[in-house]
Every structure is written in structure tokens, then in C-alpha cells.
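Sequences are here, hints too, so could you generate the full structure?
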Amino acid sequence: SQQGEEDPQALSIQEGENATMNCSYKTSINNLQWYRQNSGRGLVHLILIRSNEREKHSGRLRVTLDTSKKSSSLLITASRAADTASYFCATEGNDMRFGAGTRLTVKP
Amino acid sequence: SAVISQKPSRDICQRGTSLTIQCQVDSQVTMMFWYRQQPGQSLTLIATANQGSEATYESGFVIDKFPISRPNLTFSTLTVSNMSPEDSSIYLCSVVTGVGGYGYTFGSGTRLTVV
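These protein sequences, in sequence, are chains A and B. Each residue of the first sequence is one higher than the one before, starting from 1 at the first, in this note's numbering. Each residue of the second sequence is one higher than the one before, starting from 1 at the first, in this note's numbering.
By construction, these hints were calculated from the structure, which means they are not laboratory data. There could be a bad hint or two in this list.
[To be verified] Once the Cα atoms are required to be at most 25 Å apart in a straight line, the calculated SDA-like pairs of lysine to any residue come out as:
(1) B:Lys7 x A:Asp95
(2) A:Lys56 x B:Gln41
(3) B:Lys7 x A:Arg97
(4) A:Lys107 x B:Gly103
(5) B:Lys7 x B:Thr97
(6) A:Lys56 x B:Lys7
(7) A:Lys26 x B:Gln41
Put into C-alpha cells, the structure is as follows:
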């Protein structure tokens, strides 16, 4: 079942620009994860941030977590056309719940 | 969207044995995906199962350990072979649903404990 709500639902940017996607959730969590899904493909794990962490980096990805606001953001810097995909946040508490996703289009 | 029936929902197995997990989808789908979620970890894609061809495995996963069958467009099995306690995880199947190939539906998961 869905818990997280990503915004925006869709985002279109030019190559080289930064893309920021946000995720909000409702219950307490152990960790929050971001996934990418290319069209017609399976989910690919990008990054996991634990509830006691505030920020995490992986390559061009930067994730923040604010447990007081029950929100997270995913920043992709210097975007590329290959970053075009849907991005989902997932929260893990008593169970694992996914948001509806942000569809990112990066135009060359 | 598709409905997936996955079984068993849970099992406790002895090390060295094998377990086969089944997923039945209520509609025909081209690709099915198998994931593993180890305790406290993220969901990890094991393989993509296409009907009529061998599954495509992700780095770190091999066919001998996780053989997959895909006999038709509505059914797939994943076998966890020669199990060890490190294989204790939740295993999930998934299919792509939604417009443009985005979006997905998961099975209810199989919670495997290897003792």
C-alpha cells in the first residue's frame, strides 16, 4: 500500500540542471529509501537513509531526511538524459510502503 | 491494475534445502521481477523473468543459486537453492503496471527464515 507522497508528480528539466523531488510520509519509520524505475523495468535501489541520519550522498545524488516534518528530498545534480525515469520513495517501519512516484524527464 | 498471488507467505527451512516461491498474476505480463529484502535493508532486484527466455540476473545473483522459471505470461517461480541463514529475507515478485511502463504491483511477499 502507498504511504509516501512524492511531489511533484512530474518534472521536466534540461540536461545539466538539478532535479529535486520530495517525499512526505505519515508514520514513524526505521529508514527511507529511494528507487528509480525506468519505463517497463524493475525498481532499482538508489540510496537508503536511516531515521537517525539527516543527509546522505551517493555520486550525483543527495538525500535529506527530516523526521520532525516526516519528509525527505532527493536531489539529482547535473542531470543527464539517462536520468529520465520515475523515482519512488519507500518507507520502512512496521512494513514497507511506496509512494506514487515522480516522473522525471531530462531533455537533451 | 494487476493482482498477484504469491505463495508461500512464509516458511522456515533447514540449511542446505531449497524453497520454490510461486507468483501467479491475474493478467498476462511480459516481464516479472524478483526482489529480495534482507532485514533492515533495501529492496534488491534479483532478476527479470521474461516468458520464453532465460531470466536476466543482476550483479551478485546467479542462476545456480536462484533458478527462475517463466512457463507462461501469468506465472513465475523463484527457487532459493542450497539455503543458508544468510538467505533469510523477504522475497517479492512484481510486475510493471501503469501507463508508459511506469508503476508496479508487488506480490504479498514470502518471509523466509533459514535455520
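Consistency of the hints with the structure:
no.: 1; hint: B:Lys7 x A:Asp95; verdict: holds, 18 Å
no.: 2; hint: A:Lys56 x B:Gln41; verdict: holds, 16 Å
no.: 3; hint: B:Lys7 x A:Arg97; verdict: holds, 20 Å
no.: 4; hint: A:Lys107 x B:Gly103; verdict: holds, 21 Å
no.: 5; hint: B:Lys7 x B:Thr97; verdict: holds, 21 Å
no.: 6; hint: A:Lys56 x B:Lys7; verdict: violated, 36 Å
no.: 7; hint: A:Lys26 x B:Gln41; verdict: holds, 20 Å
Comparing the model with each numbered hint stated earlier shows that hint 6 is the single one that does not hold.
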